[in-house]
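Undergrad: Sequence:
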Amino acid sequence: MLELAIHQGVATLSLDRPELGNAFNAELIAELRAQLTVLATEPAVRVLVLAGQGKHFCTGADLNWMKVQKDASEAENHADALQLAGLLQDLNDFPKPTIARVQGAAFGGALGLICCCDMAVAVDNARFCLSEVKLGLSPATISPYVLAAMGARQARRYFLTAELIDAPTAQALQLVHEVVPAEQLDEQVLRWCQALLANGPQALAATKTLIAGQSSPVNDQLKEQTSALIARLRVSAEGQEGLSAFLQKRAPTYAQEAAHD
108 MLELAIHQGV ATLSLDRPEL GNAFNAELIA ELRAQLTVLA TEPAVRVLVL
158 AGQGKHFCTG ADLNWMKVQK DASEAENHAD ALQLAGLLQD LNDFPKPTIA
208 RVQGAAFGGA LGLICCCDMA VAVDNARFCL SEVKLGLSPA TISPYVLAAM
258 GARQARRYFL TAELIDAPTA QALQLVHEVV PAEQLDEQVL RWCQALLANG
308 PQALAATKTL IAGQSSPVND QLKEQTSALI ARLRVSAEGQ EGLSAFLQKR
358 APTYAQEAAH D
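Heads up: take any position in the sequence shown, counting from 1, add 107, and you land on this note's numbering.
One thing to keep in mind: the hints can contain errors.
[Unchecked claim] Straight-line distance between alpha carbons at most 20 Å, and here's what the computed EDC-like set of lysine to aspartate or glutamate pairs gives: (1) K315 - D169; (2) K162 - D123; (3) K177 - E348; (4) K177 - E134; (5) K330 - E348; (6) K241 - D169.
Rather than coming from a laboratory, the hints here were simulated on the basis of the structure.
Based on the provided sequences and hints, a complete structural model is requested.
TA: Here it is in structure tokens:
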């Protein structure tokens, strides 16, 4: 599910489920956490690039995993959400510089991964979406990181409308730092890697700690709060209907056509 390559101080960790759009499931989350734990203390690694194999960076949650979540109890959903919350914090607190390399779709939880990275570059035709409310859910677990990137004012729009976000808009919202043509994606990643490798490793780690210390920390209470919220919504009547509709490829009963004059 993951592919790891280490070359000249740069670890490229790629989601490797291209046939499924690199969608999340419990196993992928566990593998990511395990790899981040190892790479955090690997002396040969000075920069981490998070990427996705194939057409998409990450299309969100795996359909089979969503089926399991739909049928699970609230307590099981809570425990499941805490694992994703743990992954996001692991990536956010990773002691070395991190780069998100984004192509294709980046939906749902993928926005959490991107916003937890120190810098992000996307191809100019990439698409982003905070789609959770369409399923009767909420972007709860990823919200601390996405809010830190785009701010509460923009979140009021994009969390609530679940509208598609194009790459230039994602850059304007500070979800990504750079937007480039596809043929320049790796060139931009390399440019950042070269800049980072020219800097002191201890200074970079200390500077990341400095930045984190001057922003609102993600603590156990916040992870508990956001995980409990998504668990409660998944087992609610509306969440069950939203997930069922998505899995059955139909409109949920709560969706209404906009009125037109």
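Undergrad: So, for every hint listed, does it hold in this structure?
TA: Against the structure, the hints come out as follows:
For the proposed pair K315 and D169, the alpha carbon gap of about 32 Å is over 20 Å, so the pair is violated. Our distance criterion of 20 Å between C-alpha atoms is met by K162 and D123, whose separation comes to about 11 Å. Straight-line distance between C-alpha atoms of K177 and E348 comes to about 9 Å, which keeps the hinted pair within the 20 Å bound. Distance restraint check for K177 and E134: the Cα-Cα separation of roughly 17 Å lies within the 20 Å cut-off, and the hinted pair is therefore satisfied.
For the proposed pair K330 and E348, the alpha carbon gap of about 25 Å is over 20 Å, so the pair is violated. Under the criterion of a C-alpha separation no larger than 20 Å, the hint pairing K241 with D169 is consistent with the structure, at around 16 Å.
Hint compliance for this structure: hints 1, 5 are not met, and every other hint is.
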